[in-house]
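For the protein sequence lines, the chains are D and V, in the order given. If you want the working numbering, it's the position in the first sequence, counting the first as 1, plus 31. If you want the working numbering, it's the position in the second sequence, counting the first as 1, plus 31.
Check the hints yourself; a few may be wrong.
Okay, derived cross-link-like pairs now, BS3-like style, lysine-lysine, Cα gap no bigger than 27 Å in a straight line [said to hold, decoys possible]:
id : chain 1 : residue 1 : chain 2 : residue 2
1  : D       : Lys55     : V       : Lys55
2  : V       : Lys55     : D       : Lys177
3  : D       : Lys177    : V       : Lys177
Hint data in this document are derived by calculation from the structure and do not stem from the laboratory.
Number of protein chains: 2
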Amino acid sequence: MSNIQFQPRRTIEQVEEGTDLAPKFDERGLIVAVTTDAASGELLMQGYMNEEALRLTIETGEAHYYSRSRQTLWHKGATSGLVQRVVQLMIDDDQDCIWLRVDVAGGASCHVGYRSCFYREIPAGAALAERGTDASVDLQFTDTEKVFDPQEVYGDAPNPTIL
Amino acid sequence: MSNIQFQPRRTIEQVEEGTDLAPKFDERGLIVAVTTDAASGELLMQGYMNEEALRLTIETGEAHYYSRSRQTLWHKGATSGLVQRVVQLMIDDDQDCIWLRVDVAGGASCHVGYRSCFYREIPAGAALAERGTDASVDLQFTDTEKVFDPQEVYGDAPNPTIL
Chain D
32 MSNIQFQPRR
42 TIEQVEEGTD
52 LAPKFDERGL
62 IVAVTTDAAS
72 GELLMQGYMN
82 EEALRLTIET
92 GEAHYYSRSR
102 QTLWHKGATS
112 GLVQRVVQLM
122 IDDDQDCIWL
132 RVDVAGGASC
142 HVGYRSCFYR
152 EIPAGAALAE
162 RGTDASVDLQ
172 FTDTEKVFDP
182 QEVYGDAPNP
192 TIL
Chain V
32 MSNIQFQPRR
42 TIEQVEEGTD
52 LAPKFDERGL
62 IVAVTTDAAS
72 GELLMQGYMN
82 EEALRLTIET
92 GEAHYYSRSR
102 QTLWHKGATS
112 GLVQRVVQLM
122 IDDDQDCIWL
132 RVDVAGGASC
142 HVGYRSCFYR
152 EIPAGAALAE
162 RGTDASVDLQ
172 FTDTEKVFDP
182 QEVYGDAPNP
192 TIL
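Build out the structure end to end from the sequences listed, making use of the hints.
This is the structure we're talking about:
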């Protein structure tokens, strides 16, 4: 059904310095996907794609992932309406990571209700030292206002977080 | 040796909505790390940390990773001098991904010699459609100028890319 062809990985030069799209899927058939807000540069989420998700993302220009918790293809926003439109799609040197720069309808990407999945900071280096030697590394919220109410959007759908 | 304590993962509420640092390391003992340029928002690299790498990153404020190809702790920049100073360290909702916002000494993060590991674009959506129906998904270089010469910096060290 799809025209998108992936090339076999033959040489390091081909993979690193060439124009062949030769992504490396791991032993689970997945590749890491990193998604940032195209305008602000903020990291919104990190997920995974299988071959089909990558093909569909390329073809449609909308972010598709593979949900490990639900073990299924996942068109981001299908439930919540918060579709991610791909502004630019990039691949890294050894082609084992995809970078999506996206516009998000509704401005939120996180199932907890925040704009980004990254709403808490770990104090590190100087910030940790300022707390004193006996300090713990308690997380600090950098974003305290939810963009939407998860209960309203997802209802009783199971939470994807796995302990 | 280290004071940094990770908390056990008890409940979804604790992990998602609390201040406990309770990172989830996968079956290999690794957590995904995503590193962006603190100033530009550009994605520089995606790597992995083990417990020790995360502790050292928190303590020192300099990025440490776990190298899967070399199977060892990796203080980024130890060979190349291109140390990453952590400006902000974030963790995601289910605590299985670390986001490092960094300043890079020397301005480069990629072993191939580019500023970022992401120097090639995959045409997607409208960009792909513009190429016509029979078009291939050949990668396009978005960054053509190397910041350093890998041969000069790394010499005969083995290339970390695995086919």
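Status of the hints after comparison with the structure:
Between Lys55 of chain D and Lys55 of chain V the CA atoms are separated by roughly 24 Å; this keeps the pair inside 27 Å, and the hint holds. Distance hint between Lys55 of chain V and Lys177 of chain D is fulfilled; the C-alpha atoms sit about 24 Å from each other, no more than 27 Å. Taking the CA atoms of Lys177 of chain D and Lys177 of chain V, the gap is about 41 Å. The hint is violated against a cut of 27 Å.
The structure is inconsistent with hint 3 alone, although it conforms to all the rest.
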